[in-house]
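One line per chain: the protein sequences are P and B, in this order.
Residue 4 in the working numbering sits at position 4 of the first sequence, and the numbers go up by one each step.
Numbering-wise, the working numbering comes out as the position in the second sequence, counting from 1, plus 1000.
Honestly, the hints are just simulated from the structure, not real lab data.
Since the structure is predicted, the reported quantities are computational estimates derived from the model, not experimental observations.
A hint or two may mislead.
Unchecked claim - The calculated label-pair distances, taken between Cβ atoms and stated as ranges, are: (1) GLY25(P) x ASN1003(B): 33 to 41 angstroms; (2) LEU1078(B) x GLY136(P): 43 to 51 angstroms; (3) ILE151(P) x LEU1012(B): 30 to 38 angstroms.
Using N, Cα and C, we set each Cβ at its ideal position, and we do this for glycine too.
Spelled out from the first residue to the last, the chains are:
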Amino acid sequence: MNGVVSLTSREEVDVHHFSWPVSLGIPALAIFIQVYLTRQIHFIEIFDLPLLVTIFFAVARRRPVPGMITGALIGTVQDAMAGIPIGLNGIAKTMIGYLASSLGVKLDVDNPGSRFLMTSGFFLIHHLVFMVIDLGLVGASQPWEWGHNVIAALANGFLAVVLFAGLDRFKQRR
Amino acid sequence: MENFFSRYKNPLVLMAVLFIQVIALATQVKRAEDPKAANSGGTRLIRVWTVTAITPFERMLVGTGHFLRNTWHNYVDLHNVRKQNLELQQEVARLKMEQVRLREDAYQAQRLQALLGFKERFVGRVLPAQVIATSGSEQSRVISIDKGSHDGVRADMPVITPDGIVGKVKEVFPLGSQVLLINDRESGAGVVLQNSRLQGVLRGTSGGGLDVSGITPDEKVEIGEPVVTSGGDLIYPRGVPVGTVTGVSPDRDNGTFLAVKVKPAADLNRLEEVLVVTEVADQIPAVAESPAPQRAADILAERLPSVSKPEEDAGKPATGGTVPSTSAQGRTGTQSTTGKKPAALKKDATLPADQKKTPGPTPSTKATVQGVAASTIPGSMAKPKATPSPTPTPAVTTQHPAAPASQPKGAPSNQVKRPKPQAVSGAVAPQQPEATDSGSQQPPAPVQERPPR
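Isolated chain B, as found in the complex (with noise of 0.2 angstroms):
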């Protein structure tokens, strides 16, 4: 080092000579930035040569700090984005979730509302139940819900859905109970085909099917036929839904018959509510036939005479009736206008004709369908028959002469009304106005009431 001083002394010495009078120049001299801003005043040289270059440095200093600090702020960000992501993704999660939850309630309120306008339409009384568990073994058909004896449920309670009848009640616990569906091997129940009003009894088979045996082969079963419980086995209420006839074979068991296969009204898989019926109601629906399907409360204002309007009482005939001609014809004849008091209710009009095709021992040609109200009949069960019955049923008795042509022959049995429906919870109407038997002038006859079960 002292030999590179000693020998380059003098360039060295002319380079700080030169540099200090640089400096000393550029202390003094101010240059404009801007010609055109001359007047300005101008920046002094040494000023300019200073930022000129200190701005380099100071540029790589604030480039490297932003880059630094940009570096980490992005970092930073990215980490706060990952976290904010994960919250968002919990957030889409939870809200997810919530909808589901959400959809589960809509949909459950809309099956409980089913439910309800279910029970409005039936007389009784139901107890709602969920379905918390189910067999789980093809052997055995067997649900499990969520009430038991302390809610009232006895055994061999019928369970039914708005879309049709399920089993009933095997088994029953305090705080639950088992119910046999009627697709098991071992259930079974009165049916009749809605429209031939053929009776048999609806069993259960292996696969899980149904079968309605006891049908002799001489008889017309159609494909798509409604199938109703017959309310003959004392358990399932009369008219209740089944399902539909899919398929007719000569029954493997007994050759003699035919094995009516019936796919099931409700969705036996599938259950989530369902309906105990806990208490059947002794009323013969006083509707039998609707040109649709009508709410009790409608019907009960329909004949209610505190119900009815003005205008529809001063155009009514003079009648005596209280009924509104309206109701009359609607019901194609099976209503009476006589006003009088209620008249002892017949039998089951169609046992006679029940007893003579059911050859085992249905239990129809006992069965007083006690728990049925008109205003709580189904409008499947309302609705008139599409095709008359091939076997026509002469014993049915309480059909009026003069019924209009369409009503078929062999109407169903519920077009007998109760003179005195007993108030049930639901929509039932605890005054029923007077009505006899369709049309028909004969003072019915006084049925023998079974008590409630």
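The shape of chain P in the complex, shown without the other chains (with noise of 0.2 angstroms):
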């Protein structure tokens, strides 16, 4: 019953809303420069910066449905913008948004560590999930690279870590 009780209490604090321009400019930057940097800066490549704003969303609001609603028109844009089939991106992050707002009901994400720790596992098994219906439903093949996932994850990680404490002051509460 405490435990109940402190959640909703939590889930009554914590709960943060966003702006109709930040719900939109933020992650519609986030695609252009994961679409169109990427070309003009590769290392860039190694982020998922749409991933990340989906995530910081999705813990920010802790509901689900908004969450995975938010994750799949990111990931839609995403897709189509970097043409590949649109529902990849699409798909993967839904998953995201959901995990990550449940999630975020029962844990801390406000805490850096627990930021990169979460971070670096939505972006594996993002990966995971993108990969799987890459090969399952599209039919292309992608090899599973453990190092470089698992460097990619470290680094969106740290990423988040830093990008989340920036979009924390876009926050609002009710």
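From these two lone chains plus the hints, build me the complex, please.
As structure tokens, then:
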């Protein structure tokens, strides 16, 4: 009973809202950077800014439905912009948004360490789901490279800590 | 239901969103069915999925439809097969009936052919008749035929078959007649044993058998000896086969005589067609003996000068006769080659001998066989006797002394030829060549001819 009360209290305290420009602009910017800047700056390919934005909004809102819809929209637009079949990133980010929002209700995701671990873990999950969909539905074959994926997960974890700290400024409390 | 959606709202929304995106993904992705044919463009994944998702149901529906359709068709086919089977069975039955009918027709044709041949060999006018009924009782052995007074049938007309005599007409109706079989107890016929020339009276027994009575025990009767009609009863033509001797035993009714059991030549139990002798020609057979049965036409062809072959005429002796020598030799000396006018016919040469051997009122004493022509004598009658008669018949005055040695004693009386054979229906020669007694140079005595019955 106490746990429930505490969770309810925590949910009521930590649920954030974002303005419409922030809710639309930050994902669009992340997609733009991810799609267009990677052509100019190749090392940015290791990061997945749309995924980080999805995780941030899902965890900040702590509501699964908005979180998965946010992930679906970001992933779909990313797919559309990247020229790959629409749905690959959409499905993967939908699941990440759902998991992240669900996880944000139970855990303290404002801590940088938890953000790092959470983001790293979601990155791997996202990459796994993406590869499964790509392999199973689209028919492409993409080898699973543990070293590269782990490094990318860690890099995205570090980037998430920094990015989320900056995005926290756009949070609005009721 | 509302609680279900509210409780599982998030997972349901997740599934819905994922589903939509999967569908969207499937509409874009093309996958080649065959990796080797990847260049062919492939098929959109949505199509693959749709087909894959629908195919089982479609196959199930199609399979169900096929199952139902096949079941129905099988049922209909089975029904048709049964119907067709019934039709085929009916067809088989009809064909069997037709086959039976055709077989009966064939048999009947054969019998009629035999009857026709039989008619050709017999002088007289015969009327084929169909046996339509029997008495159905052992007390009387009577058959009914389909010919009656309208067809010319009269009472006491003999009824015969190619095998032998059957009986005589007992009752005559306008459209049918009753025939008393020879194995009826009330029936009787004058017969003669063909080899021994013993004459007797053929009577039917209560069991349907035939016995020849009137033969004394001191006579020798051989088993298997043919029995023919003697013609003395004024009913049956002379020389018609009656049967064969199957046994000899003392006569119970009259112990002084023998009862010779005779197996009828005609199958009296399976009569189908018979011949009613409506007219017996008053002609004694001119050909008494022949090495083999010959047709009347052949015999006449040999006798008639018009049909004689030139080489045969050239080779025959200059006896002034018109008969080829071969025919004369083949007749065992019974043919005359004088070529004169037909001589008068003698009486039956066997009469005296028969009178001696027939104690009873054997009609042969007065018998002058009237209706049997030479060309119509059955082969069995025309054959020479195999064994000479144990009782020589010196009364055979027509026997020529110079007759061949094969000519047995007691030759049948049908060796006597008539000078003017009357034309009768059938294959009787209208013009008989001059003929005398076999080899006899004595002028034959005239014979009193009885008018045809």
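Exercise. Of the hints given before, which are not true for this structure?
Worked result: Hints that this structure does not satisfy do not exist here, as all of them hold.
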